[in-house]
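Student: Here are the chains, one letter per residue:
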Amino acid sequence: MAARAVAVSGGRGQAVSRMAAALAGAGVIALTLVPVAAVLFRAGGWGQLGPGDWQALRFTLLQATLSAAFSVLLAIPVARALARRRFPGRGLLVALLGAPFILPVIVAVLGLIAVFGRSGLLNSGLEALGLPPMTIYGLHGVVIAHVFFNLPLATRLLLQGWLSLPAERFRLAASLGLTPWAMIRVLEWPMIRRIAPGAFAVIFVICLSSFAVALTLGGGPRATTVELAIYQAVRFDFDLGRAALLSVIQLGLAAVAGLVALRLGGEQGFGVGLDRRIDRWDGRTPAARAIDLVWIVAVALFLMMPLATVVWRGLPGLAALGAGTWEAAWHSVTVALGSTAICLLWALPLASRRGEVLGLAGIALSPLVLGTGLFLVLRPVVNPLSLALPVTALINALVALPFALRILRPEAEAIRADYSRLRQALGLTPLAWFRLVLLPRLRRPLGFAAGLTAALSMGDLGVIALFADPDRATLPLQVYRLMGAYRMEAAGGAALLLLGLSFAAFWMFDRGGRVNAEA
Amino acid sequence: MKRIMTLAAGCLAATTALAQEEVLTVYAGDYVASEWGPGPKIEEMFEARCDCDLQFKPGELLPRLLLEGERTEADIVFGLNTDVTKRARESGLFAPHGQDLSPLTLPVEWDDEVFLPFDYSHTAFVYDSTRLDNPPESFEALLEAPDDLSIVIQDPRSSISGLALVLWVQAVYGDEAEMAWERLAPKILTVTKGWSESYGLFTDGEADMVLSYTTSPAYHAIAEGDETKKAAIFPEGHYFLVELAAKVAGTDQPELADDFLAFILSEDFQKMIATGNWSIPSALPRDQWPEGFRDLRLPEEVLFYSEEEAAARKDEAIGAWRRALSR
Chain A
1 MAARAVAVSG
11 GRGQAVSRMA
21 AALAGAGVIA
31 LTLVPVAAVL
41 FRAGGWGQLG
51 PGDWQALRFT
61 LLQATLSAAF
71 SVLLAIPVAR
81 ALARRRFPGR
91 GLLVALLGAP
101 FILPVIVAVL
111 GLIAVFGRSG
121 LLNSGLEALG
131 LPPMTIYGLH
141 GVVIAHVFFN
151 LPLATRLLLQ
161 GWLSLPAERF
171 RLAASLGLTP
181 WAMIRVLEWP
191 MIRRIAPGAF
201 AVIFVICLSS
211 FAVALTLGGG
221 PRATTVELAI
231 YQAVRFDFDL
241 GRAALLSVIQ
251 LGLAAVAGLV
261 ALRLGGEQGF
271 GVGLDRRIDR
281 WDGRTPAARA
291 IDLVWIVAVA
301 LFLMMPLATV
311 VWRGLPGLAA
321 LGAGTWEAAW
331 HSVTVALGST
341 AICLLWALPL
351 ASRRGEVLGL
361 AGIALSPLVL
371 GTGLFLVLRP
381 VVNPLSLALP
391 VTALINALVA
401 LPFALRILRP
411 EAEAIRADYS
421 RLRQALGLTP
431 LAWFRLVLLP
441 RLRRPLGFAA
451 GLTAALSMGD
461 LGVIALFADP
471 DRATLPLQVY
481 RLMGAYRMEA
491 AGGAALLLLG
501 LSFAAFWMFD
511 RGGRVNAEA
Chain X
1 MKRIMTLAAG
11 CLAATTALAQ
21 EEVLTVYAGD
31 YVASEWGPGP
41 KIEEMFEARC
51 DCDLQFKPGE
61 LLPRLLLEGE
71 RTEADIVFGL
81 NTDVTKRARE
91 SGLFAPHGQD
101 LSPLTLPVEW
111 DDEVFLPFDY
121 SHTAFVYDST
131 RLDNPPESFE
141 ALLEAPDDLS
151 IVIQDPRSSI
161 SGLALVLWVQ
171 AVYGDEAEMA
181 WERLAPKILT
191 VTKGWSESYG
201 LFTDGEADMV
211 LSYTTSPAYH
221 AIAEGDETKK
231 AAIFPEGHYF
241 LVELAAKVAG
251 TDQPELADDF
261 LAFILSEDFQ
271 KMIATGNWSI
281 PSALPRDQWP
291 EGFRDLRLPE
301 EVLFYSEEEA
311 AARKDEAIGA
321 WRRALSR
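In the order they appear, the protein sequences are chains A and X. The numbering of the first sequence is my numbering, which starts it at 1 and goes up by one. The numbering of the second sequence is my numbering, which starts it at 1 and goes up by one.
Okay, chain A solo, but in the shape it has when bound (with noise of 0.2 Å):
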């Protein structure tokens, strides 16, 4: 805290980089609220909850714990085996985790299916060993999608904590003979004490505003989530009052979320390292080396299964691909690359502990209702349909704004804590320091933000629908399409290229970040 106090008298450069954060801050305010606002006005007052509202919004709670505290809990030792372990095929294995992330939902509920499904993989193996069969739908299959979805990303900001840690401290903590007890207690859980509730809030906001997904495998109107209620109600019944009220409640549980997890997440730093490559002194006993290898391959095995299934299924299609497929793929790269640039640009001066909170209104706010109140401003200025490129990517770079923050933050501080009094010694100026120290130590966190920022927005739907530009579709919208035409070997084959190329995305830009990082 003391470094803190000391950092913010100083001077000009703060001034600017308060000045920035607060202009980050507004946009994202004013991209949430006014849209918010607008269907409001425009439905002329707030609606009313229908009978199954309630039931919903429990249903919608419970599934979103649950999701978020699996993905946390089971990416703990996942991370933890990851960061102590050199293999073969490790960084590729790191690099595959963020793609169940980036899959269009509709992907990967097929995916996860083939797998987990009543005639999937999974029973057949069970029926082959005469065992009775299992079945995914339910609660259970909700929160084991959901943790499909989120645990890689759990994982990967997990990581991300393990290798901030000073090498230094390791070696000390090696030389002064700690039990492995010790080192947990010593190093490692204030780490994840400061990591991990952030992580549970961003995937617990993410999860409040699944949809098809929980209506899927939870089996039916017992998995209603307030996400249906919000789609009925703007779709079906046009009842925009309701929605813009069911929406406001789901900005209010995410901003709970959000606030919990910055009085649990602490703010301490570890002091400042040489940035060495961490080596481990402990986990050389055969059982430790035993338990680290069962969590990699059970998490491999458990991602990599429903991701190879699209694999499989998608190549026949690859060849039914047309021109207007290929066509959409260009306009989704576009709209990646455009997300990427704004949503870095917005996520650098609002990674603090107030921005990170006000990031996650983002993906709280329902994807339906940003898209009609944008729709609704927009509407007497310009023709909306020939916006429908650019609005995507901004919306993209809202919705990819949080996991951004997440990634960045912890970092972005640790460096503003621990170099601040070399900052105020050296009067650097605030370009100085962005070039000469921020960005350089920032440059795995940045690699990592933007390679999810361009994968995300490469599978994203977003506001598509209301914005649907009849000559520039793009290729999650593409899957849709075929689909409702029958297509679906096409579909298919449209469903890998989105992988390939979201995933190729996602590992240039991470690799880039980690260059001679050995992460």
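Simulated from the structure, these hints should not be mistaken for laboratory data. All of these numbers come straight from a predicted model, not from anything done at the bench. Take every hint as true, because none was put in to throw you off.
In the DMTMM-like style, the derived pairs of lysine to aspartate or glutamate whose C-alpha atoms are separated by at most 25 Å in a straight line are:
id : chain 1 : residue 1 : chain 2 : residue 2
1  : X       : Lys41     : A       : Glu489
2  : X       : Lys86     : A       : Asp239
3  : X       : Lys57     : A       : Asp237
4  : X       : Lys41     : X       : Glu21
5  : X       : Lys57     : X       : Asp83
6  : X       : Lys41     : A       : Glu327
7  : X       : Lys86     : A       : Asp237
8  : X       : Lys271    : X       : Asp295
9  : X       : Lys230    : A       : Glu489
10 : X       : Lys57     : A       : Asp239
11 : X       : Lys271    : X       : Glu109
For each label pair, taking beta carbons as the anchor points, the in silico distance ranges come out as:
id : chain 1 : residue 1 : chain 2 : residue 2 : range
12 : X       : Arg87     : A       : Gly89     : 49 to 59 Å
13 : X       : Ser138    : A       : Gly252    : 46 to 56 Å
14 : X       : Ile222    : A       : Gly89     : 45 to 55 Å
15 : X       : Arg87     : A       : Gly91     : 49 to 59 Å
16 : A       : His140    : X       : Glu137    : 27 to 37 Å
17 : A       : Ala182    : X       : Asp148    : 48 to 58 Å
18 : A       : Thr334    : X       : Asp148    : 42 to 52 Å
Chain A is nowhere near these chain X residues, computed Cβ spacing over 10 Å in every case:
id : residue
19 : Leu104
20 : Glu137
21 : Ala141
22 : Asp147
23 : Glu267
24 : Gly292
25 : Val302
26 : Glu307
Each residue gets a CB set at the ideal place from its N, CA and C atoms; glycine is no exception.
Go by the hints and put chain X onto chain A.
Tutor: Using the frame of chain A, we list chain X on its own:
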């Protein structure tokens, strides 16, 4: 240099010509304008006869139109379903179509002055005859079927076919709809947001039957040469689904819009729409349907609620579904 000048002049002339050409703006469902939908063919055929530029604007239909109100640029709305006609009519945004309805060949009476049908189908459970040996032959048999028969359906709160299903059950079972749903519940593998997810689960082999349309087998037969996909036809009747076009009252192209509505009932359009949209043409005798459609098994009994009746029963029908499946 001279060539560039000529080119520039040519471009200028072309843009002026384009600017003078009249534009008919058609709001259509997203699937219509895609390269696999009927949109491109409709555009080509209509432009050949109108000397105008037909532009599809895909996306949400009624929500967008209601948001835009009277300032909408739409001249025609193409692809509305009967679940929204009541609200659409009450908005006052639509004008009478003015067409003679005697060529219609629908299985139900149709005398709507505003909404003009262009194709139809019925709800049906579709199965793969190589995977299901004894498909249920009636709705009652479906409810009686052993619980290991798995079906996927769509949510009536987020999908039109799902809504048609609950109205179907309501029409067949009336006050006992909730009990019917309770009997069906053990066989329902899951409920999906839209038709595509359900159909994907069915073609992946996860479910034995899927809630789809009586016309689905025609796609597999014609486009894939696959005769194994069938719709189970029930003597209790099947719910009628119709797709409609309408003229926007505030259109600045009233004559072109009228021409387009007349075109919808023309033989050219009607012969194209079957394979263009995988539905039955609204104004074409059966013997003129494409081959894969002529051979379809279709229900003898067609169930359909007027929009007033449907509006009155919708909440109750969804409620029965929700209560029975939540247990």
